[in-house]
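> As a plain string of letters, each chain reads:
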Amino acid sequence: MFELDKLVKAVGDVIASLVTAMGLGSAWVTTVQLAVAALVVIVFAAVVVLFLVWWERKVSARIQMRVGPMRVGWHGLLQTIADAIKLLQKEDITPTNVDRGIYFWAPIITFVAALAVYVTIPFGKGLLVSDLNIGILYILSVTTFTVIGLLMAGWSSNNKYALLGGFRSAAQVVSYEVPMALSILGVILFTQSLSMGEIVSQQTKFHQWYVWRQPIGFLIYLVAATAECNRTPFDLPEADSELVAGFVTEYSGMKFAMFFLAEFLNMFSVAAIATTLFFGGWNGPFLPSWFWFMAKTLIGVFVLMWFRWTYPRLRVDQLMGFAWKFLLPLAFLNLLVTGFIILLVK
Amino acid sequence: MAAIGINHFLALSAVVFCIGVYGMLTRRNAIAVLMAVELMFNAVNITLVAFARYVTPETATGQVVAAFTIAVAAAEATVALAIVLLIYQHHRGIDVDKVNFMKW
Amino acid sequence: MDTISLVFFALAFLTIVSSLMVVSSKNIFHSAIFLILALFGVAGLFVLLEAPFLAAAQVLIYVGAIAILMIFSVMLTARISDSGLRHTNEQVPTGLAISLGLLIVMLYSLWNTPIPVSEATPTGGAGHKLGELFLTTFVLPFEIVSVLLLAALISALVIAKRDGPLGGRGAGNETDEKREMEQGARPGN
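Residue numbers (the numbering used here), protein chains in the order written: chain A, 69 to 414; chain B, 27 to 130; chain C, 26 to 214.
Calculated from the structure, these hints are not laboratory results.
Nothing here was measured: the structure is a model prediction, and the numbers come from that model.
Check the hints yourself; a few may be wrong.
[Stated by the list, open to error] Here are the simulated lysine-lysine pairs, BS3-like style, with alpha carbons at most 25 Å apart:
1. 273(A) / 74(A)
2. 51(C) / 414(A)
3. 126(A) / 273(A)
4. 393(A) / 414(A)
5. 51(C) / 124(B)
6. 154(A) / 154(C)
7. 393(A) / 154(C)
8. 154(C) / 124(B)
9. 228(A) / 154(C)
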């Protein structure tokens, strides 16, 4: 009913006619269309992150039997904006002995890597910025890019706590990428295509959702994704009580805000990927497609937040042991059994 | 300027390969030498994929060989870096000019 | 100049400048970061060459694993006294001459070799064709590469173990090794 795909198409046509009227070729038309779409997605991601920061505080408050921010706006909705303004005003302290170039680029790289995933996420029918034919592989490769930002931050800070935090964080993210990729592969065995739009279009009915066919794959993905976002129970790298603040120890002001926002962007994108791969994406009866997508993704984000405020933290050797000795063999087994069953059924 | 053809890609690959050769011959830090070797691998990959695109576009054989090259480079980098770490443990430094214990 | 040429020259510029910075940077960590930039440039060139799967695999494997491995090694082997040492050995003129000579020879032979360019539209970059090739024509190299990767994994683990590759007490303690040779290895050593 309130589908946005016609609106998106109309805007795209308007842009195309404007660019052609200026005398530029068709490559420029595509470029400008993609640029505008990416800009819209970036603004949307920023708004969503602001909402998520508020929601995290409310969820954590209610789980801990308190109320959370209540003063700024209705039930504290504008609290995040107030916090953002405060962080922007803070002095940007750069310690003397840091490696300046790398110190400057680390938060930018982490933020850009977290944001680049949003290009291939299907937000609704016709609301996909670019349906790459290697969609999910692109997402996997871009998420490995955040590790570089972490390592740069840890190394350039010239601080042993930051370095240790960077090491641990990088080791954790790299270790949990492998079971995550394998669990995604299990879904790809069914879909025969890497494109995100294609994966969503194959799950139109409730019984076609891939979570029923790949339950273990979904659980592996859930655990690995929690570790990818550096969330409890896997958040030793930024453990507030252990390593000062992990790899962001020496960052203040806007740079710290970028790391913080990158974590929430990661959380939302991980939940969005889980929705697309396992829970049918934007498919759903009656209500508009973007509503279903947001509802499913926000439930996923809520589950991630729920984990954080319920479980204690894993020690770093338990964390690594769990990834390599349990999740990885389980993911391989899942892939093997799935392939075998597909072969038998055909 | 004419359209981009295979010669452009091959020339670029030759330049990157020679930069890698220079790095391999002149750097002292063992890890820097390994980085130069990775540059050479990448130059070769560009050549392979350029041939796959321009000379045999119907089959993707060049891309398959490039994928194998990437895998072999990964294996080689792993073992080489493990050896570098071992040398560091023994020798407290990774200057390739000084790793000459087996010379007569 | 049309868009493809523009994109090609931008990517080529990025790759070449990053490679130059890799081999000439005094700080080894900066070299690693420039290597990552060069690898991204190459991935972009793969996309330009209608090989998107290979571009994603390049980023996933090279940037996401090999470059991170190199950064880890840099972090584990860097010492404060390194900043005073020279970063190139005394063979810079010879190295420069050799690489420039090689470049001239390669470019000359490239210029004079006619390459049979086919005008067909490229297929097979996105996955299906590649997958078929891996499992039909190239199945033997595929299996051999898996064994190779397993061997590399095991050998890296064995070589870099804290106890040293032979189970002795690390690689740095000569007195321990001499004692072990004289008295024979004992359980618990």
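> Need the status of pair residue 126(A), residue 273(A): alpha-carbon distance at most 25 Å?
At roughly 34 Å apart (the allowed maximum being 25 Å), residue 273(A) and residue 126(A) break the hint.
> Assess, step by step, whether the Cα of residue 393(A) is no farther than 25 Å from the Cα of residue 414(A), and give holds or violated.
It is violated: about 32 Å lies between the C-alpha atoms, which goes past 25 Å.
> Keeping to a limit of 25 Å between CA atoms, is the pair of residue 273(A) and residue 74(A) held or broken?
holds (23 Å)
> Straight-line Cα separation of residue 51(C) and residue 414(A) no greater than 25 Å?
Judged against 25 Å, a Cα distance of about 59 Å means the pair is violated.
> Are the Cα positions of residue 393(A) and residue 154(C) separated by 25 Å at most?
At roughly 34 Å apart (the allowed maximum being 25 Å), residue 154(C) and residue 393(A) break the hint.
> Next pair to validate is residue 154(C) with residue 124(B); report whether the Cα-Cα distance is within 25 Å.
At roughly 49 Å apart (the allowed maximum being 25 Å), residue 124(B) and residue 154(C) break the hint.
> If you draw a straight line from the CA of residue 154(A) to the CA of residue 154(C), is it 25 Å or shorter?
violated (54 Å)
> Hint check: residue 228(A) vs residue 154(C), CA-CA at most 25 Å. Holds or violated?
violated (49 Å)
> Sort out whether residue 124(B) lies within 25 Å of residue 51(C), counting only the CA atoms.
Since the Cα atoms of residue 51(C) and residue 124(B) sit roughly 19 Å apart, the hinted pair holds (cutoff 25 Å).
When each numbered hint is compared with the structure, violations occur for hints 2, 3, 4, 6, 7, 8, 9.
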